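Colleague: Since the structure of chain F is provided, determine the placement of chain C on it from the hints.
Protein sequences appear in the order of chains F and C. If you're matching positions, the first sequence starts at 1 in the numbering used here and goes up one per residue. If you're matching positions, the second sequence starts at 1 in the numbering used here and goes up one per residue.
Any given hint could be a false lead.
Quick list of the computed label-pair ranges, beta carbon to beta carbon [stated by the list, open to error]:
| no. | chain 1 | residue 1 | chain 2 | residue 2 | range |
| --- | --- | --- | --- | --- | --- |
| 1 | F | Leu83 | C | Ser52 | 37 to 43 angstroms |
| 2 | C | Phe96 | F | Asn77 | 19 to 25 angstroms |
| 3 | F | Gly28 | C | Tyr31 | 17 to 23 angstroms |
| 4 | F | Thr14 | C | Asn63 | 46 to 52 angstroms |
| 5 | F | Ser7 | C | Pro8 | 33 to 39 angstroms |
| 6 | F | Asp98 | C | Ser70 | 21 to 27 angstroms |
| 7 | C | Ser52 | F | Thr109 | 36 to 42 angstroms |
| 8 | C | Tyr76 | F | Arg15 | 41 to 47 angstroms |
| 9 | C | Tyr31 | F | Pro70 | 24 to 30 angstroms |
| 10 | C | Ser70 | F | Ala80 | 42 to 48 angstroms |
| 11 | C | Glu56 | F | Arg107 | 34 to 40 angstroms |
| 12 | F | Gln56 | C | Thr26 | 15 to 21 angstroms |
| 13 | C | Asp67 | F | Gly84 | 32 to 38 angstroms |
No wet-lab data here; the hints were simulated from the structure. Just so you know, these numbers come straight off a predicted model, no measurement behind them. Don't be surprised by glycine CBs; every beta carbon is placed ideally from N, CA and C.
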Amino acid sequence: DAGVTQSPTHLIKTRGQQVTLRCSPKSGHDTVSWYQQALGQGPQFIFQYYEEEERQRGNFPDRFSGHQFPNYSSELNVNALLLGDSALYLCASRAGADTQYFGPGTRLTVL
Amino acid sequence: KQEVTQIPAALSVPEGENLVLNCSFTDSAIYNLQWFRQDPGKGLTSLLLIQSSQREQTSGRLNASLDKSSGRSTLYIAASQPGDSATYLCAVRGNFNKFYFGSGTKLNVKP
Numbered sequence: 001d002a003g004v005t006q007s008p009t010h011l012i013k014t015r016g017q018q019v020t021l022r023c024s025p026k027s028g029h030d031t032v033s034w035y036q037q038a039l040g041q042g043p044q045f046i047f048q049y050y051e052e053e054e055r056q057r058g059n060f061p062d063r064f065s066g067h068q069f070p071n072y073s074s075e076l077n078v079n080a081l082l083l084g085d086s087a088l089y090l091c092a093s094r095a096g097a098d099t100q101y102f103g104p105g106t107r108l109t110v111l
Numbered sequence: 001k002q003e004v005t006q007i008p009a010a011l012s013v014p015e016g017e018n019l020v021l022n023c024s025f026t027d028s029a030i031y032n033l034q035w036f037r038q039d040p041g042k043g044l045t046s047l048l049l050i051q052s053s054q055r056e057q058t059s060g061r062l063n064a065s066l067d068k069s070s071g072r073s074t075l076y077i078a079a080s081q082p083g084d085s086a087t088y089l090c091a092v093r094g095n096f097n098k099f100y101f102g103s104g105t106k107l108n109v110k111p
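The following block holds chain F by itself, in its conformation from the complex (with noise of 0.2 angstroms):
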């Protein structure tokens, strides 16, 4: 089992660019959540998929949006980015009320 797999692992941007993160899910696990994480700071929750709908949202702007295929892998994309959009972008899967699983991240740097 691969566990939470991330793409890419590091990224940088211009302001203005949009972006798209990608995950895939541990397998049998149907739920996927995505959170951002500054430097120093604990993970912020942006978002959840679950059968392809965005299911909860965090207080993050409409720039943040997001999807989830018949696979349940899952896509994050960031549009008009911002200098603060730089962060560690953190994917987690779970099934059901179990234990959430986490990627390894996809570090965003903004210029």
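Modeller: For chain C alone, coordinates are given in the frame of chain F:
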């Protein structure tokens, strides 16, 4: 809105000491609480998950307790080792499947 606080923010101890990390949350209506370990620049590794109906969980040298009514959890690490050096994060799963993290405790165990 759920607020999760972790004290202390940083801790440095000599090898072999027993130590306690604290986590508090403002809304006691939680489904579970999870402790994670995060190494620098890496994703999160789940250590212990405590369901709201449970009082504690143990795994090896780690013991986590939960007092839901008072909004507190502690992570006890016995006989600390340099390999335990990392940031420890607690997270609560609240209503509507939203997850809230603390900012973490950065632990340094000196040889």
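Colleague: Take the hints in turn and mark each one as holding or not.
Modeller: Evaluated hints:
no.: 1; hint: F:Leu83 - C:Ser52: 37 to 43 angstroms; in the structure: 39 angstroms, holds
no.: 2; hint: C:Phe96 - F:Asn77: 19 to 25 angstroms; in the structure: 23 angstroms, holds
no.: 3; hint: F:Gly28 - C:Tyr31: 17 to 23 angstroms; in the structure: 20 angstroms, holds
no.: 4; hint: F:Thr14 - C:Asn63: 46 to 52 angstroms; in the structure: 47 angstroms, holds
no.: 5; hint: F:Ser7 - C:Pro8: 33 to 39 angstroms; in the structure: 36 angstroms, holds
no.: 6; hint: F:Asp98 - C:Ser70: 21 to 27 angstroms; in the structure: 26 angstroms, holds
no.: 7; hint: C:Ser52 - F:Thr109: 36 to 42 angstroms; in the structure: 38 angstroms, holds
no.: 8; hint: C:Tyr76 - F:Arg15: 41 to 47 angstroms; in the structure: 45 angstroms, holds
no.: 9; hint: C:Tyr31 - F:Pro70: 24 to 30 angstroms; in the structure: 27 angstroms, holds
no.: 10; hint: C:Ser70 - F:Ala80: 42 to 48 angstroms; in the structure: 43 angstroms, holds
no.: 11; hint: C:Glu56 - F:Arg107: 34 to 40 angstroms; in the structure: 35 angstroms, holds
no.: 12; hint: F:Gln56 - C:Thr26: 15 to 21 angstroms; in the structure: 19 angstroms, holds
no.: 13; hint: C:Asp67 - F:Gly84: 32 to 38 angstroms; in the structure: 36 angstroms, holds
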